[in-house]
Amino acid sequence: MRKLKEFVIEKLILFCGLASIFFVVLIFLFLLKEGLAVFKTVTPPQFLFGKSWYPISEPPHLGILPLILGSLMVTLGAALISIPIGVACAVYIAEVAPLKIKEILKSGIELLAAIPSVVLGFIGMVTIVPWIKSIFHLPTGLTALSGAVMLAFMAMPTIVSIAEDALYSVPKTYKEGALALGATHWQAIHRVILPAASSGIMAAVMLGIGRVIGETMAVMMITGNAAVIPHSILQPVRTLTATIAAEMGEAVVGSEHYFALFAVGIVLFVISFIVNVGADLFLHKKEQ
Amino acid sequence: MNDSNVTECPASPALKLKKRSRDPVLTQRLAFAFLFVSTLLIIVPVGLIIVIIVQKGLPGITWQFLSDIPRQGMRSGGIFPAILGTIYLVSGAIVFALPIGLLSAVYLSEYARGNFLTRLIKLAIVNLAGVPSVVYGLFGLALFVTFFKFGASILSGALTLGIMILPIIITASLEALESVPHSFREASRSLGASRWQTIRYVVLPNAISGIITGTILGLGRAAGETAPILFTVAAFYLPQLPGSIFDQVMALPYHLYVISTQVPNVDEKIRYGTALVLLAMVLFMNLAAVVIRCRFRKKKKW
Amino acid sequence: MVEFLIKDLNIWFGQIHAMKNVNMEIGSKQILSVIGPANSGKTTFLRMLNRLNELNDNFRMTGEVLFGGRDIVEMDPETVRKKIGMVFALPLPLPMSIFDNVAYGVKVSGVRNRKLQAAAVEKALKQAYLWDEVKDRLDTSAFKLSGGQQQRLCIARTLAVEPRVILFDEPCSGLDPISTAKVEEAMLVLKKDYTIILVTNNVKQAARVGDRTAFFLSSELVEMDGTDKIFTAPRDKRTDDYIRGKFG
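Note that the protein sequences, when read in sequence, are chains F, D and C. Residues 4 to 291 (our numbering) make up the first sequence, in order. Residues 252 to 553 (our numbering) make up the second sequence, in order. Residues 27 to 274 (our numbering) make up the third sequence, in order.
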């Protein structure tokens with residue numbers, strides 16, 4: 004009797020163990036199921052590199068290049084801001100900060116990670132957006148730059164905490180060896196510790212960027228949502244994620260627009276897959 | 252940074268200049284200053300955000316605001332349906348995700364061998380954690396709303412959120428389970444306990460704090476997310492309470508989005524007040540997780 | 027009477043050949059001391075007897091271990107472990123109260139009745155000479171006990187399941203001489219009712235308590251004989267060198 008009960012429980016555990024694989028596959032399959040239909044209307048190159056996105060005109064223009072460029076511009080901007088600052092902060096927390104301050108800083112970073120993206124978007128609307136508008140004398144502050152600043156901020160917790168882990172896991176003997184040879188603390192950090200932690204830091208950067216590409220609400224609230232090919236970082240842009248969030252509510256189920264939005268979802272899924280597998284490879288490289 | 256510092260003192264003799272530019276102590280001081288400023292650039296805004304929201308939101312928080320339905324196209328009244336909706340969604344998500352996530356973590360920590368399947372599962376968890384939240388929304392729309400015909404409902408939204416927080420729960424539970432020393436398992440098995448009895452009586456009781464912490468963090472995440480509920484449950488304006496799990500509800504994060512971008516001329520007090528309630532809810536859960544973690548850490552017996 | 031009969035036992039962990047062609051006969055109700063240098067296979071041998079080795083992923087074995095005439099591989103592993111208890115090198119109480127520690131094995135074998143559990147706990151604690159020291163605080167955490175008390179608690183925990191055999195894996199390596207003496211005293215009393223196999227790094231301890239002694243070296247059984255014989259006239263020179271402290 005007990006044996007039977009345990010047999011059932013163990014099968015259930017095995018079944019749940021496979022749940023993650025099951026859900027990843029399920030997500031991908033359902034995106035494909037709804038999204039591939041768009042390629043009856045447009046070819047994949049037309050879809051990916053088409054320069055105009057007018058999904059409800061007649062006939063619809065379903066080129067997502069403006070959206071890809073919008074995501075790319077915002078992501079690049081965010082990366083340029085967040086990588087140096089985030090890694091520097093991680094180094095400060097891991098190596099320089101006194102123990103007590105370290106704990107405070109870490110909980111500050113955790114706090115930032117916990118703030119919902121819609122709240123950050125709201126704050127961005129009432130702070131960054133008007134600042135950018137007045138600094139650059141623009142007609143609107145809803146620009147790619149505002150989005151990049153906001154997203155840089157949202158990528159920080161990921162970058163800082165993973166990079167800090169990587170720095171922390173560098174064996175203490177490396178540092179002691181460098182210091183014993185007469186190096187200053189900073190020389191030990193930048194000649195020995197940073198290189199030793201480099202693959203972990205790469206993973207941190209990749210996961211931070213992954214977070215930025217996938218971010219939806221804050222971006223939608225502060226980048227202005229103009230689905231045109233951007234020429235400057237001071238123009239409104241629309242990202243892949245914001246397009247789905249903004250338009251799915253109006254898209255008629257089964258229409259080309261609906262299929263196209265799912266196809267955008269496929270693109271996002273594939274990007275996040277590549278980023279995460281890449282980061283995972285870096286993290287495993289560190290383990291060996 | 253070195254060079255600029257050097258050019259600032261042209262009066263010094265050349266030899267001294269050269270020596271000074273390589274002065275490791277000065278370099279270190281400059282480098283640490285840069286690290287410190289970078290850290291401030293992250294931490295100060297975090298503090299400011301909290302301060303701004305609390306300062307501007309607090310005046311709007313009244314009993315009426317918390318307990319009333321929205322009125323006059325959300326320009327007055329309260330946010331009770333949105334609060335309640337978020338509580339329903341979060342509870343539903345956890346009811347779904349906790350058992351699956353916990354058992355999944357048990358599998359990985361107690362049963363899985365170091366083989367290809369285990370590697371694949373871990374990769375899947377990493378990917379699940381990385382899928383953009385709006386893609387979860389699409390998935391929920393395709394699977395629960397359309398395919399299973401649950402419609403836009405609490406059920407669809409809660410299941411979508413549940414799958415989204417699964418990796419958080421698995422990762423936290425796994426960490427908690429793995430922190431239970433291996434020797435306890437061996438002692439238990441040597442007394443004739445089966446693998447499941449060992450898990451049930453020795454491993455789980457000692458991992459419970461980490462599991463609770465992870466679950467609360469998952470709750471916090473689910474409460475704050477907007478994109479996954481956009482097409483699966485959230486109602487734009489629904490000044491009434493849901494009758495069953497097949498009804499739509501308002502939800503706090505979506506409500507904040509709506510009143511700050513979609514409805515013109517909403518009183519600042521209402522917008523900041525809503526932001527404050529949402530923030531307080533999420534931060535309270537995080538705080539609870541931290542407190543529980545510290546409590547148990549102190550009580551830890553090994 | 028023969029307790030264990032081991033035939034051509036070989037064990038591997040991955041590529042490592044951890045036990046080579048061991049053949050042995052272990053009699054019941056006596057103490058067998060197992061000695062040998064570190065990594066000589068003593069502990070692997072011990073963990074084989076109650077099938078703890080198979081908790082490792084990459085464990086493989088060939089040959090037979092007969093326990094009371096039955097092949098242990100064909101028996102239910104939980105039953106084997108109940109019949110063959112184990113006391114580990116370091117005191118390893120479970121993170122629960124003293125009572126629950128001793129009652130644990132009884133509970134998992136299905137005894138729900140609290141009175142029966144209490145009776146088993148009292149009996150086991152008395153057998154391990156711990157009852158008088160803890161009877162007033164059975165509900166406190168087992169971690170509050172001293173190292174020697176914890177080790178006797180582990181012995182009591184093993185006894186509570188009513189095994190036939192008790193395996194000791196260097197049980198005194200973390201204990202002071204007085205605690206060690208208490209544990210040895212307990213062993214000498216226990217051998218009236220139980221078969222005891224004691225793995226030890228301490229050659230003198232093996233000589234003090236063992237009826238028979240087995241010497242392992244490089245995953246092989248070098249020789250096994252009466253303790254007096256091993257310590258006075260060993261057949262193999264390597265045994266002689268080891269007990270005289272020439273290596274180890």
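A hint or two may mislead.
Stated by the list, open to error - Cut-off 25 Å, straight-line C-alpha distance, at most; resulting in silico cross-link-like pairs (PhoX-like, lysine-lysine):
#1 F/Lys-178 / F/Lys-105
#2 F/Lys-14 / D/Lys-373
#3 C/Lys-170 / C/Lys-109
#4 F/Lys-109 / D/Lys-520
#5 C/Lys-230 / C/Lys-55
#6 C/Lys-55 / D/Lys-550
#7 C/Lys-149 / C/Lys-133
#8 C/Lys-152 / C/Lys-208
#9 F/Lys-105 / D/Lys-400
#10 C/Lys-133 / F/Lys-6
#11 F/Lys-175 / F/Lys-14
#12 F/Lys-109 / D/Lys-400
#13 F/Lys-36 / D/Lys-307
#14 D/Lys-520 / F/Lys-103
#15 D/Lys-307 / F/Lys-105
#16 F/Lys-288 / D/Lys-373
#17 D/Lys-307 / F/Lys-136
#18 D/Lys-520 / F/Lys-136
#19 C/Lys-170 / F/Lys-8
None of these hints come from the bench; they were simulated from the model.
Taking the hints in turn, this is what the structure says about them:
{"no.": "1", "hint": "F/Lys-178 / F/Lys-105", "in the structure": "19 Å, holds"}
{"no.": "2", "hint": "F/Lys-14 / D/Lys-373", "in the structure": "19 Å, holds"}
{"no.": "3", "hint": "C/Lys-170 / C/Lys-109", "in the structure": "29 Å, violated"}
{"no.": "4", "hint": "F/Lys-109 / D/Lys-520", "in the structure": "31 Å, violated"}
{"no.": "5", "hint": "C/Lys-230 / C/Lys-55", "in the structure": "21 Å, holds"}
{"no.": "6", "hint": "C/Lys-55 / D/Lys-550", "in the structure": "43 Å, violated"}
{"no.": "7", "hint": "C/Lys-149 / C/Lys-133", "in the structure": "15 Å, holds"}
{"no.": "8", "hint": "C/Lys-152 / C/Lys-208", "in the structure": "13 Å, holds"}
{"no.": "9", "hint": "F/Lys-105 / D/Lys-400", "in the structure": "50 Å, violated"}
{"no.": "10", "hint": "C/Lys-133 / F/Lys-6", "in the structure": "15 Å, holds"}
{"no.": "11", "hint": "F/Lys-175 / F/Lys-14", "in the structure": "43 Å, violated"}
{"no.": "12", "hint": "F/Lys-109 / D/Lys-400", "in the structure": "44 Å, violated"}
{"no.": "13", "hint": "F/Lys-36 / D/Lys-307", "in the structure": "46 Å, violated"}
{"no.": "14", "hint": "D/Lys-520 / F/Lys-103", "in the structure": "37 Å, violated"}
{"no.": "15", "hint": "D/Lys-307 / F/Lys-105", "in the structure": "30 Å, violated"}
{"no.": "16", "hint": "F/Lys-288 / D/Lys-373", "in the structure": "15 Å, holds"}
{"no.": "17", "hint": "D/Lys-307 / F/Lys-136", "in the structure": "22 Å, holds"}
{"no.": "18", "hint": "D/Lys-520 / F/Lys-136", "in the structure": "24 Å, holds"}
{"no.": "19", "hint": "C/Lys-170 / F/Lys-8", "in the structure": "36 Å, violated"}
Hint compliance for this structure: hints 3, 4, 6, 9, 11, 12, 13, 14, 15, 19 are not met, and every other hint is.
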